[in-house]
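Novice: If you want the building blocks of each chain, they are given just below.
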Amino acid sequence: MAAYILRRFGTMLLSLFFIISLTFFMMKVIPGGPFSSEKRLPPEIEENINKKYHLNDPWYVQYKDYLIRTVKLDFGPSFKYKSRTVNEIIADGFPVSAKLGSTVILITLVVGINLGIVSAMKQNQTQDYFAMFLSTIGFSTPNFIIAYLLMYIFAYKLKLVPPAMWGTWKHMILPAISLAILPTAVVARLMRSSLIEELQQDYMLTAKAKGLMERQIIYRHALRNAIIPVITYLGPLIATIFTGSFIIEHIFAIPGLGKYFVSAIQNRDYTLILGTTVFYSLILMLMNLIVDILYTLIDPRVKLYK
Amino acid sequence: MQLYSSNYSNLWIRLKEKKLLLIALFTIVTLSILAIIGPYLTPFTYSEQILTLKNKPPGYDFYLKYNKNNNGTINIIEVSEEPIENAAGFKVEKRIFLFGSDALGRDLFTRIWYGARISLSIGLATAFIVFIIGSIYGGLSGYYGGWIDEVMMRIVEVLNSIPFLLYVILLMLIFEPGLKTILFAIGGVYWLPMARMIRGQVITLKEQDYVLAALSLGASSWRILFKHILPNSLGPILVYTTLTIPEAIFTEAWLSFLGMGVSVPIASWGSLINDGIEGMRSYPWQLFFPSFLITITMLAFNIIGDSLRDAFDPRFKRK
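If you read the sequences in order, they're chains A and B.
When we follow my numbering, the leftmost residue of the first sequence carries the number 1, and every step to the right adds one.
When we follow my numbering, the leftmost residue of the second sequence carries the number 1, and every step to the right adds one.
Honestly, the hints are just simulated from the structure, not real lab data.
Relax, there's no trap hidden among the hints.
Think about it this way: if two alpha-carbon atoms lie no more than 25 Å apart in a straight line, the pair counts; the simulated DSS-like pairs of lysine-lysine are:
(1) Lys208(A) / Lys122(A)
(2) Lys157(A) / Lys170(A)
(3) Lys28(A) / Lys51(A)
(4) Lys18(B) / Lys122(A)
(5) Lys159(A) / Lys170(A)
(6) Lys28(A) / Lys180(B)
(7) Lys28(A) / Lys64(A)
(8) Lys54(B) / Lys157(A)
(9) Lys28(A) / Lys82(A)
(10) Lys94(B) / Lys54(B)
(11) Lys72(A) / Lys28(A)
(12) Lys19(B) / Lys122(A)
Kindly produce the complete structure, drawing on both the sequences and the hints.
Specialist: This is the structure:
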């Protein structure tokens with residue numbers, strides 16, 4: 001186990017180094033800087049700006065500086081929001097995103113798993129077809145379309161919830177639903193097919209022969225094994241929510257990390273793009289590692305390490 | 001492991017049983033035909049603006065008086081809801097905005113089918129790129145094994161740990177925005193899971209007896225890989241390729257939505273959705289038509305992919 005975790009950490013460090021370098025050099029080759037699009041500045045001022053952000057140093061010095069600062073998790077000042085550092089922006093934005101994200105995970109698991117159970121129990125009956133049809137639609141509708149559809153119906157027409165911004169729990173309803181629909185559809189399908197497979201195993205016959213009730217059979221026996229594919233999906237789920245939140249936060253004007261990331265791209269705010277990319281990647285890799293370890297703990301048949 | 005490769009003969013029978021699949025296929029064929037001929041069904045072009053007729057509702061009809069320039073573009077002389085009198089050297093026509101017009105007075109119907117061309121092409125082209133790169137990369141990695149496999153898979157693992165969309169966005173930022181860049185960015189990312197899946201297939205299939213038979217007959221590695229092993233894992237490859245199409249269409253829409261997609265005045269479904277958002281409260285049809293089409297397209301491709309998976313996988317066979 002320890003060897004496995006160590007190996008995973010090795011890969012993680014390698015990946016992180018690759019990502020940091022990649023983003024750094026990508027930012028270097030992108031035409032136009034954060035100050036170049038506006039009206040022409042006097043040369044002295046441009047000189048001073050370049051000096052302040054060390055833009056005059058040769059690239060290898062900038063690269064070295066950047067690597068050292070990144071290892072210390074210091075992403076420097078933001079180019080656009082002059083008075084704030086990237087670390088402060090991440091510290092502001094991440095809790096908001098995390099709150100939204102964990103709500104979405106909760107909705108996804110509760111709704112998705114139950115939908116899958118209903119489908120599997122009523123296999124090839126109306127309920128099953130209905131649930132799977134819903135799931136296919138959820139799987140096929142881009143989240144930004146869902147977001148605008150919900151916004152149009154529930155905020156503009158019915159005026160039940162605020163259309164955008166952040167604050168009370170009411171602000172969270174629409175973004176959370178828009179984000180949750182796709183992963184819920186995936187979880188429901190995973191749950192259905194693995195539960196159907198589990199229901200055909202011999203131990204199910206034993207349980208039935210013992211005279212257990214169907215409820216007990218499902219929840220005590222089948223579910224424990226059937227839930228494993230759903231746990232494997234947790235890693236990609238977190239990634240889906242992350243990337244989905246770029247757009248959903250942008251649409252609903254939620255001051256989370258995703259919104260900062262999108263506006264950083266639009267403003268060509270190099271340091272903020274670099275910082276958020278590295279931060280996102282780090283979180284995602286850690287989550288994946290945790291999920292994989294969790295996986296071995298839940299199912300002793302799975303051996304990740306040789 | 002013969003999960004996918006057996007029972008090709010029953011495949012068509014099993015596919016035909018599915019009504020849903022037939023509907024999906026019909027939808028895709030209809031959409032493709034409309035994408036090809038749609039822009040020619042109207043007298044408008046995708047970039048022609050009639051600035052006096054902004055944001056008109058679907059089915060709006062009007063009379064247009066114009067003359068043609070030498071280079072084929074038209075000069076609009078007069079626009080009216082009442083019939084206009086003709087004069088020498090000019091033309092008067094009754095025209096209709098079937099799906100309404102957009103904020104610049106362009107015909108939405110023409111733009112939507114023009115956008116369908118772009119979106120569907122991106123989907124198909126990406127699937128093709130992913131199919132080629134994934135098969136070769138995954139095939140070689142799985143077939144040769146050993147340190148080659150180790151290195152190749154380590155590369156995939158590192159690339160895979162980067163959040164997909166971050167990577168696409170970064171690629172989009174570097175290169176000039178446009179169709180080629182989108183293809184490059186999306187295709188450059190989505191081959192990764194394909195390569196992994198094919199590698200897994202090849203590893204199990206290369207232990208099969210027919211590979212040994214081919215080897216003993218003196219077949220080259222290249223021939224064994226591409227003539228014997230890969231055709232036998234056609235099932236999962238086909239399923240994955242089909243499911244790449246909706247994903248690529250979605251990713252393109254996503255990028256266009258953030259303003260990183262195709263450049264104006266070219267339209268894709270994503271950019272049309274983006275255009276439609278500003279007026280969504282007053283002119284909801286501008287948002288509705290492209291959203292609806294992108295959804296049913298993705299739905300149809302997903303249904304086809306799912307049906308293929310069920311058909312290739314005997315575990316889901318009906319008893």
